[in-house]
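A.B. asks: Given chain A's structure and the hints, the job is docking chains B, C and D onto it.
Residue numbers (our numbering), protein chains in the order written: chain A, 1 to 140; chain B, 1 to 140; chain C, 1 to 140; chain D, 1 to 140.
Think of the hints as simulated: they come from the structure by calculation, not from any bench.
All C-beta atoms, glycine included, are put in the ideal place defined by N, C-alpha and C.
Heads up, some of the hints might be wrong.
Derived coverage of chain D by chain C (criterion: at least 3 residues anywhere in the stretch with Cβ under 8 angstroms from a Cβ of chain C; other residues may be distant) [what the hints assert, rightly or not]:
| # | region |
| --- | --- |
| 1 | 2 to 13 |
| 2 | 36 to 45 |
| 3 | 49 to 55 |
| 4 | 78 to 85 |
Protein chains: 4
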Amino acid sequence: MDLELAGKVLAEQPFSRLLGARVTAFGNGEATLELDIREELRQQYGFVHGGVLSYAADNTLTLAAATVAGPGLITSGFTIDYLRPATGAVLRAHAQVVRAGRTRVVTRCDVLTIDDAGAQSLCAVAQGNIAVLDGPGAKR
Amino acid sequence: MDLELAGKVLAEQPFSRLLGARVTAFGNGEATLELDIREELRQQYGFVHGGVLSYAADNTLTLAAATVAGPGLITSGFTIDYLRPATGAVLRAHAQVVRAGRTRVVTRCDVLTIDDAGAQSLCAVAQGNIAVLDGPGAKR
Amino acid sequence: MDLELAGKVLAEQPFSRLLGARVTAFGNGEATLELDIREELRQQYGFVHGGVLSYAADNTLTLAAATVAGPGLITSGFTIDYLRPATGAVLRAHAQVVRAGRTRVVTRCDVLTIDDAGAQSLCAVAQGNIAVLDGPGAKR
Amino acid sequence: MDLELAGKVLAEQPFSRLLGARVTAFGNGEATLELDIREELRQQYGFVHGGVLSYAADNTLTLAAATVAGPGLITSGFTIDYLRPATGAVLRAHAQVVRAGRTRVVTRCDVLTIDDAGAQSLCAVAQGNIAVLDGPGAKR
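With the rest of the complex left out, here is chain A (with noise of 0.2 angstroms):
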């Protein structure tokens, strides 16, 4: 898989392109996702919903897999903490592999915001396992 793939099965994932998640960087163990932050994904005091956040750290730490154990992955679970309330024009998720076996592949992921100015801030981190298919009829 390289970048180019990485976008096109993102953009067959109707809920990916509901949120309008995009892949900006993939390889080498490592993969960035990014999306507009819009009203329609704010929860109540006006701050990005958590399942955003949670959804783009699901997506990421998979993603960030496949570079290097290919498309025949699915995420088996993942643990997120909130660090800080996220507002800004960007969401940005960046994953990184920190062990790839056989048979399971772990990764790490940090989310954060960048407003107007370019400013960051971390909002959430996760960890995550990720399952690889041993063939096109593998069952989770």
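C.D. replies: Only chains B, C and D this time, still in chain A's reference frame:
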């Protein structure tokens, strides 16, 4: 808080409106959230996107905490494990309080799908930490 | 595996012997591990050390998985939330299978203490991932 | 707190003495804990027991938080993912603060082994939540 107020809070979240979530039970340490599964919520294989399941877990873990600790809460974080591909007509998340402390509530959540015939399938389980804010100006 | 074999496996773990752990129930997707609380297992405030609770959770999460998936297992990881200071006479961890897949078992665990009068107190909850090894030479 | 005081706190924990843990670095948002790998700390296959790794993660996640938030802390919980069988001469856990809030510190930890030749192997990664107690009588 009661079911009616919980529904109003959810309706004030633009992201929950975008996903079509509704609170269907609220009280005594337990809360249930549901949403109709539709094309926009899927990933590339036709299953409900993990980000939708994690959104449902996040929100329901905190709703359950609100039944005992009121509305001044903020989700600290959570762990989710995906169990099965999620497909069907309705996604339902049900959470309950495990322990309500003075400053922190720990909750657990089951996320399941229900098909047109009413058959249920458990798709994900989550465990979360909810922080109790100690005043109107409190920050995470 | 049955209760007797599970006890033998535990007895083959030098660290479990050091802590004095014993399996007291094993079967049908559930397992219970107990240990007597003694001075050596405490932290500086006199409560059972979190590391003892996490040991108990780790082992019991995997024991529960072994009731359905046999002995060829390895703990992938887990999440633990501490709820209350742990004190009393006996520490008991009880875990049950949430979902047993072909390659992965997800389990949940409650860790509680029991005092001399038999009163129980829930001290920690955990959720874990157990990998099913597919052969004698399989590695995590 | 400084390295000397951190060492004294650890020495006041009977369980840390039982395991033979020592603090080898402490300051500026980072902490390192080490222990010599010996027979008593192993599981049935000869590797260091997961419970020892989770003990090391638990303690080091909180030690790192103490470098910025002082001694009035309590571990709320953590997630650990095991990466490789742990074997060698020394187990080393290194943690650093990700975000120090007023009431909660989030930290990450790497657990590795070092063999007699000095070669390192990353065995587990963890992410934790540490609660900041707001006074001597504060309870979790």
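A.B. asks: Indicate, hint by hint, whether the structure satisfies it.
C.D. replies: Results of checking the hints against the structure:
Figure legend: the region 2 to 13 of chain D, annotated as covered by chain C; annotation consistent (3 residues with Cβ-Cβ distances under 8 angstroms, at least 3 required). With a threshold of 8 angstroms between beta carbons, the proposed coverage of the region 36 to 45 of chain D by chain C holds, since 6 of its residues qualify and at least three are required. Taking a C-beta to C-beta cut-off of 8 angstroms, the region 49 to 55 of chain D contributes 6 residues in contact with chain C, enough for the three needed, and the coverage statement holds. Interface restraint, the region 78 to 85 of chain D with chain C: holds (8 residues with C-beta to C-beta distance below 8 angstroms; minimum three).
Violated hints for the displayed structure: none, as all numbered hints are satisfied.
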